[in-house]
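*Asks:* Here is how the chains run, residue by residue.
Number of protein chains: 2
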Amino acid sequence: MNIQNFFGIAGGIVSSVTFLPQVIKIWKTKSAKDLSMVTLFFLILNVSLWLTYGALIGDLPLMITNGIVLAMVLMMVYFKLTFKQ
Amino acid sequence: MNIQNFFGIAGGIVSSVTFLPQVIKIWKTKSAKDLSMVTLFFLILNVSLWLTYGALIGDLPLMITNGIVLAMVLMMVYFKLTFKQ
Numbered sequence: 050m051n052i053q054n055f056f057g058i059a060g061g062i063v064s065s066v067t068f069l070p071q072v073i074k075i076w077k078t079k080s081a082k083d084l085s086m087v088t089l090f091f092l093i094l095n096v097s098l099w100l101t102y103g104a105l106i107g108d109l110p111l112m113i114t115n116g117i118v119l120a121m122v123l124m125m126v127y128f129k130l131t132f133k134q
Numbered sequence: 050m051n052i053q054n055f056f057g058i059a060g061g062i063v064s065s066v067t068f069l070p071q072v073i074k075i076w077k078t079k080s081a082k083d084l085s086m087v088t089l090f091f092l093i094l095n096v097s098l099w100l101t102y103g104a105l106i107g108d109l110p111l112m113i114t115n116g117i118v119l120a121m122v123l124m125m126v127y128f129k130l131t132f133k134q
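Line by line, the protein sequences are chains A and B. Numbering follows the numbering used here, in which position 69 of the first sequence is assigned residue number 118; successive positions increment by one, without gaps. Numbering follows the numbering used here, in which position 60 of the second sequence is assigned residue number 109; successive positions increment by one, without gaps.
Since the hints were made in silico from the structure, they are not lab data. Any given hint might turn out to be false.
Claimed, not checked - List of simulated lysine-lysine pairs, DSSO-like, C-alpha gap at most 27 Å:
{"no.": "1", "chain 1": "B", "residue 1": "129", "chain 2": "A", "residue 2": "79"}
{"no.": "2", "chain 1": "B", "residue 1": "82", "chain 2": "A", "residue 2": "129"}
{"no.": "3", "chain 1": "A", "residue 1": "129", "chain 2": "A", "residue 2": "82"}
{"no.": "4", "chain 1": "A", "residue 1": "74", "chain 2": "B", "residue 2": "82"}
{"no.": "5", "chain 1": "B", "residue 1": "74", "chain 2": "A", "residue 2": "79"}
{"no.": "6", "chain 1": "A", "residue 1": "129", "chain 2": "B", "residue 2": "74"}
{"no.": "7", "chain 1": "A", "residue 1": "77", "chain 2": "B", "residue 2": "74"}
{"no.": "8", "chain 1": "B", "residue 1": "77", "chain 2": "A", "residue 2": "79"}
{"no.": "9", "chain 1": "A", "residue 1": "77", "chain 2": "B", "residue 2": "79"}
{"no.": "10", "chain 1": "B", "residue 1": "129", "chain 2": "A", "residue 2": "82"}
{"no.": "11", "chain 1": "A", "residue 1": "79", "chain 2": "B", "residue 2": "79"}
{"no.": "12", "chain 1": "B", "residue 1": "79", "chain 2": "A", "residue 2": "129"}
{"no.": "13", "chain 1": "B", "residue 1": "79", "chain 2": "A", "residue 2": "74"}
{"no.": "14", "chain 1": "B", "residue 1": "129", "chain 2": "B", "residue 2": "77"}
{"no.": "15", "chain 1": "B", "residue 1": "129", "chain 2": "A", "residue 2": "77"}
{"no.": "16", "chain 1": "B", "residue 1": "82", "chain 2": "A", "residue 2": "82"}
{"no.": "17", "chain 1": "B", "residue 1": "74", "chain 2": "A", "residue 2": "74"}
{"no.": "18", "chain 1": "B", "residue 1": "77", "chain 2": "A", "residue 2": "82"}
{"no.": "19", "chain 1": "B", "residue 1": "129", "chain 2": "A", "residue 2": "129"}
{"no.": "20", "chain 1": "A", "residue 1": "79", "chain 2": "B", "residue 2": "82"}
{"no.": "21", "chain 1": "B", "residue 1": "77", "chain 2": "A", "residue 2": "129"}
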């Protein structure tokens, strides 16, 4: 594994877990008032673009990473709509 | 510009503006209580990895995108520490 792959994969792993603490915090506090729905929308658009880019260049790590992030962001949108505070 | 470049650059542009609405919302409401500091930490680690990866492969768009995102995340950490709610 060369150093470039290392950073690419490390970046992918970190990206995948990045939003987990935020999802857990919202779940625990049942509050997502301070989160910006516009930012969540951009996050969905963002990971969808990277997901498409990954598919086009056949980069599985990029697709897996952004698939996981997409799932977490969709959960945050669902919580924000559900915990209407 | 082939389609791969399009998605790469589009992803970069969207990534750069993604957190702007969140920074503005925190600034307006002076509240960042619902944001997870752990997620902000992972975001910093995440963009630092992608910044390093971009530098290693000499990919300027990747470096610019993640430089902008890093600045915005650092602002959110500063606000979260400042607006102590």
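*Asks:* Indicate, hint by hint, whether the structure satisfies it.
*Replies:* Going down the list of hints, with the structure as the test:
no.	hint	result
1	129(B) x 79(A)	holds, 19 Å
2	82(B) x 129(A)	holds, 14 Å
3	129(A) x 82(A)	holds, 7 Å
4	74(A) x 82(B)	holds, 10 Å
5	74(B) x 79(A)	holds, 19 Å
6	129(A) x 74(B)	holds, 15 Å
7	77(A) x 74(B)	holds, 22 Å
8	77(B) x 79(A)	holds, 22 Å
9	77(A) x 79(B)	holds, 22 Å
10	129(B) x 82(A)	holds, 14 Å
11	79(A) x 79(B)	holds, 20 Å
12	79(B) x 129(A)	holds, 19 Å
13	79(B) x 74(A)	holds, 19 Å
14	129(B) x 77(B)	holds, 13 Å
15	129(B) x 77(A)	holds, 19 Å
16	82(B) x 82(A)	holds, 9 Å
17	74(B) x 74(A)	holds, 19 Å
18	77(B) x 82(A)	holds, 13 Å
19	129(B) x 129(A)	holds, 19 Å
20	79(A) x 82(B)	holds, 12 Å
21	77(B) x 129(A)	holds, 19 Å
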